[in-house]
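Participant: Hey, can you work out the whole structure from these sequences and the hints?
Numbering-wise (this note's numbering), the sequence shown opens with residue 1 and increments by one.
Please keep in mind that the hints were generated in silico from the structure rather than gathered at the bench.
There's no promise every hint is true.
[Stated by the list, open to error] Have a look at the derived ranges for each label pair, beta carbon to beta carbon: (1) C38 with E84: 34 to 44 angstroms; (2) P79 with V108: 38 to 48 angstroms; (3) G41 with A9: 20 to 30 angstroms; (4) G41 with V108: 43 to 53 angstroms; (5) A106 with R27: 37 to 47 angstroms.
[Said to hold, decoys possible] DSSO-like mimics (lysine-lysine), calculated; alpha carbons at most 30 angstroms apart, straight line: (6) K13 with K33; (7) K75 with K13; (8) K75 with K33; (9) K33 with K6; (10) K6 with K75.
Treat the numbers as computed from the prediction; the structure is a model and nothing was measured.
Where is the CB? At the ideal position from N, CA and C, for every residue including glycine.
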Amino acid sequence: MNGSLKDWARTIKLDVHAIYLAAGDPRTPWYAKVLALCVAGYALSPIDLIPDFIPVLGYLDDVIIVPLGILAVLKMIPPEVMAEHRAAAALAAQRPVYRTAAVVIACVWGAFAALAAWLGYRYFTD
1 MNGSLKDWAR
11 TIKLDVHAIY
21 LAAGDPRTPW
31 YAKVLALCVA
41 GYALSPIDLI
51 PDFIPVLGYL
61 DDVIIVPLGI
71 LAVLKMIPPE
81 VMAEHRAAAA
91 LAAQRPVYRT
101 AAVVIACVWG
111 AFAALAAWLG
121 YRYFTD
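Facilitator: Written out as structure tokens, the structure is:
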């Protein structure tokens with residue numbers, strides 16, 4: 001059960017990336033692009049049909065509506081376009097992840113935040 005759930009989540013992740021890539025393809029119909037935008041907007045929006053603070057039901061709508069929206073978008077995109085973008089998404093998933101670069105960028109942002117805080121402290125206390 002746990003392995004199949006992880007496989008399903010991995011497939012959904014690849015399909016979402018493939019849909020993102022297909023949305024920029026001119027061969028994708030406009031209505032598929034609009035529905036993809038609506039599904040992404042619903043998934044990222046803090047406003048839900050059922051608020052998340054309601055136990056179980058709050059997250060259940062996200063677990064049902066978002067995958068069903070993704071499936072609907074997948075049905076609207078031509079199969080040859082989707083196959084091409086699934087292959088591209090799979091290649092992108094295999095690329096190495098550079099955690100060192102992420103740490104360096106986070107340190108630079110942290111240094112800038114610390115500098116801004118220090119300058120703000122000096123400005124307002126003097």
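Participant: With reference to the structure, classify each hint as holding or not holding.
Facilitator: Each hint, compared with the structure:
1. C38 with E84: 34 to 44 angstroms: Check failed, 23 angstroms falls outside 34 to 44 angstroms.
2. P79 with V108: 38 to 48 angstroms: holds, 44 angstroms
3. G41 with A9: 20 to 30 angstroms: This hint holds: roughly 21 angstroms between Cβ atoms.
4. G41 with V108: 43 to 53 angstroms: For V108 against G41, whose Cβ atoms are near 31 angstroms apart, the range 43 to 53 angstroms is violated.
5. A106 with R27: 37 to 47 angstroms: For R27 against A106, whose Cβ atoms are near 39 angstroms apart, the range 37 to 47 angstroms holds.
6. K13 with K33: holds, 18 angstroms
7. K75 with K13: The given pair, whose Cα atoms are some 17 angstroms apart, holds under the 30 angstroms limit.
8. K75 with K33: holds, 12 angstroms
9. K33 with K6: holds, 27 angstroms
10. K6 with K75: Holds - the C-alpha atoms of K75 and K6 are around 23 angstroms apart, at most 30 angstroms.
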